[in-house]
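> The lines below spell out each chain.
2 protein chains.
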Amino acid sequence: MAERFEIVERAILSMLEGKKYATLRDILSTMNPSDVAGLFDGLEDKQIPLMYRLLPKELAAETFVEMDPEAQELLIRGFSDNELKEVLDELYVDDAADLVEEMPANVVKRILKNADPEMRKSINQILRYPEYSAGSIMTTEFVSLRPHMTVEEAILRIRRQGVDKETIYTCYVLAKDRKLIGLVTVKDLLLAEDDEMTIEELMITNMIFVNTMTDQEDVARMLSKYNFLAMPVVDGEGRMVGIVTFDDALDVMEEEATEDMEIMGGMTPSEKPYLRSSAFDLFKNRIPWLMLMMVSATFTGLIMTAFEDALAAQIALSAFIPMLMGTGGNSGSQSSVTVIRGLSLNELDFSDIGVILWKEIRTALMCGIALAVVCFGKIWLVDHMLMGNENITLMVDLVVCCALCVTVVVAKIVGCLLPMAAKAVKLDPAVMASPFISTIVDALSLLVYFLFAKTLLHI
Amino acid sequence: MAERFEIVERAILSMLEGKKYATLRDILSTMNPSDVAGLFDGLEDKQIPLMYRLLPKELAAETFVEMDPEAQELLIRGFSDNELKEVLDELYVDDAADLVEEMPANVVKRILKNADPEMRKSINQILRYPEYSAGSIMTTEFVSLRPHMTVEEAILRIRRQGVDKETIYTCYVLAKDRKLIGLVTVKDLLLAEDDEMTIEELMITNMIFVNTMTDQEDVARMLSKYNFLAMPVVDGEGRMVGIVTFDDALDVMEEEATEDMEIMGGMTPSEKPYLRSSAFDLFKNRIPWLMLMMVSATFTGLIMTAFEDALAAQIALSAFIPMLMGTGGNSGSQSSVTVIRGLSLNELDFSDIGVILWKEIRTALMCGIALAVVCFGKIWLVDHMLMGNENITLMVDLVVCCALCVTVVVAKIVGCLLPMAAKAVKLDPAVMASPFISTIVDALSLLVYFLFAKTLLHI
Numbered sequence: 001m002a003e004r005f006e007i008v009e010r011a012i013l014s015m016l017e018g019k020k021y022a023t024l025r026d027i028l029s030t031m032n033p034s035d036v037a038g039l040f041d042g043l044e045d046k047q048i049p050l051m052y053r054l055l056p057k058e059l060a061a062e063t064f065v066e067m068d069p070e071a072q073e074l075l076i077r078g079f080s081d082n083e084l085k086e087v088l089d090e091l092y093v094d095d096a097a098d099l100v101e102e103m104p105a106n107v108v109k110r111i112l113k114n115a116d117p118e119m120r121k122s123i124n125q126i127l128r129y130p131e132y133s134a135g136s137i138m139t140t141e142f143v144s145l146r147p148h149m150t151v152e153e154a155i156l157r158i159r160r161q162g163v164d165k166e167t168i169y170t171c172y173v174l175a176k177d178r179k180l181i182g183l184v185t186v187k188d189l190l191l192a193e194d195d196e197m198t199i200e201e202l203m204i205t206n207m208i209f210v211n212t213m214t215d216q217e218d219v220a221r222m223l224s225k226y227n228f229l230a231m232p233v234v235d236g237e238g239r240m241v242g243i244v245t246f247d248d249a250l251d252v253m254e255e256e257a258t259e260d261m262e263i264m265g266g267m268t269p270s271e272k273p274y275l276r277s278s279a280f281d282l283f284k285n286r287i288p289w290l291m292l293m294m295v296s297a298t299f300t301g302l303i304m305t306a307f308e309d310a311l312a313a314q315i316a317l318s319a320f321i322p323m324l325m326g327t328g329g330n331s332g333s334q335s336s337v338t339v340i341r342g343l344s345l346n347e348l349d350f351s352d353i354g355v356i357l358w359k360e361i362r363t364a365l366m367c368g369i370a371l372a373v374v375c376f377g378k379i380w381l382v383d384h385m386l387m388g389n390e391n392i393t394l395m396v397d398l399v400v401c402c403a404l405c406v407t408v409v410v411a412k413i414v415g416c417l418l419p420m421a422a423k424a425v426k427l428d429p430a431v432m433a434s435p436f437i438s439t440i441v442d443a444l445s446l447l448v449y450f451l452f453a454k455t456l457l458h459i
Numbered sequence: 001m002a003e004r005f006e007i008v009e010r011a012i013l014s015m016l017e018g019k020k021y022a023t024l025r026d027i028l029s030t031m032n033p034s035d036v037a038g039l040f041d042g043l044e045d046k047q048i049p050l051m052y053r054l055l056p057k058e059l060a061a062e063t064f065v066e067m068d069p070e071a072q073e074l075l076i077r078g079f080s081d082n083e084l085k086e087v088l089d090e091l092y093v094d095d096a097a098d099l100v101e102e103m104p105a106n107v108v109k110r111i112l113k114n115a116d117p118e119m120r121k122s123i124n125q126i127l128r129y130p131e132y133s134a135g136s137i138m139t140t141e142f143v144s145l146r147p148h149m150t151v152e153e154a155i156l157r158i159r160r161q162g163v164d165k166e167t168i169y170t171c172y173v174l175a176k177d178r179k180l181i182g183l184v185t186v187k188d189l190l191l192a193e194d195d196e197m198t199i200e201e202l203m204i205t206n207m208i209f210v211n212t213m214t215d216q217e218d219v220a221r222m223l224s225k226y227n228f229l230a231m232p233v234v235d236g237e238g239r240m241v242g243i244v245t246f247d248d249a250l251d252v253m254e255e256e257a258t259e260d261m262e263i264m265g266g267m268t269p270s271e272k273p274y275l276r277s278s279a280f281d282l283f284k285n286r287i288p289w290l291m292l293m294m295v296s297a298t299f300t301g302l303i304m305t306a307f308e309d310a311l312a313a314q315i316a317l318s319a320f321i322p323m324l325m326g327t328g329g330n331s332g333s334q335s336s337v338t339v340i341r342g343l344s345l346n347e348l349d350f351s352d353i354g355v356i357l358w359k360e361i362r363t364a365l366m367c368g369i370a371l372a373v374v375c376f377g378k379i380w381l382v383d384h385m386l387m388g389n390e391n392i393t394l395m396v397d398l399v400v401c402c403a404l405c406v407t408v409v410v411a412k413i414v415g416c417l418l419p420m421a422a423k424a425v426k427l428d429p430a431v432m433a434s435p436f437i438s439t440i441v442d443a444l445s446l447l448v449y450f451l452f453a454k455t456l457l458h459i
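Protein chains in written order, with our numbering: chain A, 1 to 459; chain B, 1 to 459.
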């Protein structure tokens, strides 16, 4: 699929360079807007307006929405006021609001000047809601019906209003004060046995809706849970103000998963795609966490220094420090990743803490004992007998394996408790993932190791 | 929202225990199937069939689909053949196929016996496709139209066939041999200016479709990219066999993100939710990776042993080992998480390897230098002056900071190259995430450290 697309891409570029505009136009008009937008990525700046002007009007607007902000800005700067108006007229309000958010101030000014008054009002309304809220991603264009309408009247209304609506398939029934009282789907309308039935008789009234301030992630999860095409958004007074459609929910879920992974990898999340981020952007997102974790490693340093004498007396002990810390870190991150994802999917809740802890402790004991047994054998057979390291006595072997088992249990307990604790104090549980856990587990595993060494080896 | 739901839940449970069945029935019939299914989680086994029989027929079937496999099995075992038939009749084919996949053999036998012949055929067809393929998640029920139909005839056909179809909003135009030749949406049909227009005139012919064998993750990404309600699935001969709807795509994207996170956290991915997994299930998913990484830490042990003399001569050096390995591991995992996610979202490709490497090296140099400078100052001020550790000389400080800077660069290079390499040999890049990277980076950072120590401290 991807390969076939590259061939098309090369053919189109060579046509553009060969000025075969008529053929190019014919080919472009058979393509899907998302794919046409992809083509613009490969163009030089001066080719962008050239190819854009080849697109039929409707395809041009649909393609515009899918393009990179850089290309959009370049095009807008080159547009006449009339051209800009034409594009804006074709945009859905939520896409227009996204555009305004991405563009620099002087471009925004031109956009708002050329938008028709109603759209300008809607854009301003959407932009007033906090980022990541349902209000900020909704569109204000939806089909509204009145309860006393008949099926026939409703279908007529959809036919008249439908062109400009992002979805016509779910229609919302509003009372006089714009309060949301029910919904009907086009499927219900089409399959209704009698055209004279009223919307009131047909509509579903046990409404599921969100508030303008609901977090976008919750909106996406609810949409997915209820398999809705669109989720209605109401304001503080229960008046319906917009809808969030399933395609926006898909985008939100992808964004949120990426954000969680970035935080779990010890980075400040970024909305810029990797290839459009500069090395300095990456540096800014990564250095605070590295700095924090480097400085907090001072504790492990202090522990190492405190047990310097023990290490000097039994230099063989130091060989197992990386293995112990590594296994501890991995065990902890297994638990934390599991719990973080469970929390974010709402599969786990703070009230499950007892069940989780008990399950993790049993799992940890099984893992710890299995690892300790294998490790004991490995150290004795490989390090002691095969490598002939006389410093590794049976007691040293025992110290390492006891410490390993306890470390795994401690790591798993820390790994499951920290994200829960973060959730309890309304922090993002993802910040408690592997890098953070590792730092704590590193320190704990060293402590456990040296305490076993002191006790069992009497040093 | 969640709290309000818990209150409803408690009220319903106490009504069930108080045998207030009529009231309970009234309340349940106003609820959404997903929420009703959630209620069953809190019930004891013997209460499940009791409450299920209170549900109105249609709601019962819709609720059944959303329930846990355990509760479904329990219900089916208690159903009479007639009851089972009624539920099956209401199910969409893809949900029925999911059910068959989840149930034990004797339950499957009863399901297939009671399904009508057409559904049985469709279920068997879907089950023949490999797991995670488009064929295995599609439904075979969609609205098909013929090119010569008029708009009016098409709407009539939708009205007649629509009840049983999972979506009616996208209709597929098939030629006589069932080859897919175009699509029309219900929006197009409703907004068509002339009822006598033929489907052929109205339909879109530049079709985007997938094959039965396309990976489900690719299907979900394409659906999201093109904002489709459903993606048509064709067989090897181009004949249309089914559709994948957007709600399945939402589920697939959530599953795949969870799977990636689990692999990146060093676990075998599992489809069972955490609360339904036993401690032994968790043990089985986690122990292979821990074992693998523990054994591979033998290398770090060997390196430590090889440089035992250097460590004994300059015991202060050992204090910084955890910090160096930790910072190296974190730097590496930042790069690997970024690259893995980029690859999985198709934002990055193998051909970008040069760009990525160059960007990571520049980022790594900035991070490495910043960390080294801060670390140098911190060691001198805190460890040397404040703690009065005389063993930490300026040269030791220099060794640590040079090693730190080089380790960060090495870690970031390894972190971005390994997932790309995995992709190149068709492995899942996610296996190359933090635990795996840490093991390699641990070994490399120790090597770098000891080489600097040998050279600069002449030991």
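There could be a bad hint or two in this list.
Since the list can't tell identical chains apart, any single copy or any two copies may satisfy a pair.
Quick list of in silico lysine-lysine cross-link-like pairs, DSSO-like style, CA-CA up to 27 Å [to be verified]:
#	residue 1	residue 2
1	K454	K378
2	K187	K284
3	K187	K57
4	K109	K454
5	K423	K57
6	K225	K57
7	K187	K85
8	K165	K225
9	K454	K19
10	K225	K187
11	K179	K57
12	K225	K113
13	K46	K20
14	K121	K176
15	K378	K179
16	K272	K179
17	K426	K284
18	K165	K423
19	K378	K187
20	K454	K225
21	K113	K179
Hint data in this document are derived by calculation from the structure and do not stem from the laboratory.
> A separate judgement is required for each hint: does it hold in the structure or not?
Here is how each hint holds up against the structure:
For the homomeric pair K454 and K378, the shortest alpha-carbon distance inside one copy (23 Å) is at most 27 Å, but the shortest distance between copies (30 Å) is not. In this assembly of identical chains, K187 and K284 lie within 27 Å of each other by CA distance neither inside one copy nor across copies; the values are 51 Å within and 47 Å between. When the C-alpha separation of K187 and K57 is checked against a cutoff of 27 Å, the pair qualifies only between copies, where the shortest distance is 20 Å, while the shortest distance within a copy is 31 Å. For the identical chains of this complex, K109 and K454 are neighbours neither inside a copy (71 Å) nor across copies (63 Å), given an alpha-carbon limit of 27 Å.
In this assembly of identical chains, the alpha carbons of K423 and K57 never lie at most 27 Å apart, being 49 Å within a copy and 40 Å across copies at closest. Taking the shortest alpha-carbon separations for K225 and K57, only the inter-copy value of 21 Å comes in at or below 27 Å, while the best intra-copy value is 37 Å. Taking the closest pair of Cα atoms, K187 and K85 come within 27 Å of each other only across two copies (25 Å); inside a single copy the shortest separation is 35 Å, beyond that limit. For the homomeric pair K165 and K225, the shortest alpha-carbon distances inside one copy (24 Å) and between copies (20 Å) are both at most 27 Å.
Proximity of K454 to K19 under the C-alpha cut-off of 27 Å is found in neither arrangement, the shortest distances being 81 Å within a copy and 65 Å between copies. For the homomeric pair K225 and K187, the shortest alpha-carbon distances inside one copy (20 Å) and between copies (25 Å) are both at most 27 Å. In this assembly of identical chains, K179 and K57 lie within 27 Å of each other by CA distance neither inside one copy nor across copies; the values are 37 Å within and 31 Å between. In this assembly of identical chains, the alpha carbons of K225 and K113 never lie at most 27 Å apart, being 40 Å within a copy and 31 Å across copies at closest.
For a Cα distance limit of 27 Å, the shortest separation of K46 from K20 inside one copy, 17 Å, qualifies, whereas the shortest one across copies, 74 Å, does not. Within a single copy, K121 and K176 get their C-alpha atoms as close as 21 Å, which meets the 27 Å cut-off; across copies the closest is 50 Å, which misses it. For a Cα distance limit of 27 Å, the shortest separation of K378 from K179 qualifies neither inside one copy, at 71 Å, nor across copies, at 62 Å. In this assembly of identical chains, K272 and K179 lie within 27 Å of each other by CA distance neither inside one copy nor across copies; the values are 38 Å within and 41 Å between.
Only within a single protomer do K426 and K284 lie at most 27 Å apart by alpha-carbon distance; the minimum there is 25 Å, versus 32 Å between protomers. Neither within a single protomer nor between protomers do K165 and K423 lie at most 27 Å apart by alpha-carbon distance, with minima of 39 Å and 41 Å respectively. For a Cα distance limit of 27 Å, the shortest separation of K378 from K187 qualifies neither inside one copy, at 66 Å, nor across copies, at 68 Å. When the C-alpha separation of K454 and K225 is checked against a cutoff of 27 Å, the pair qualifies neither within a copy, at 55 Å, nor between copies, at 60 Å.
In this assembly of identical chains, the alpha carbons of K113 and K179 never lie at most 27 Å apart, being 32 Å within a copy and 49 Å across copies at closest.
Checked against the numbered hints given earlier, the structure breaks hints 2, 4, 5, 9, 11, 12, 15, 16, 18, 19, 20 and 21 and satisfies all the rest.
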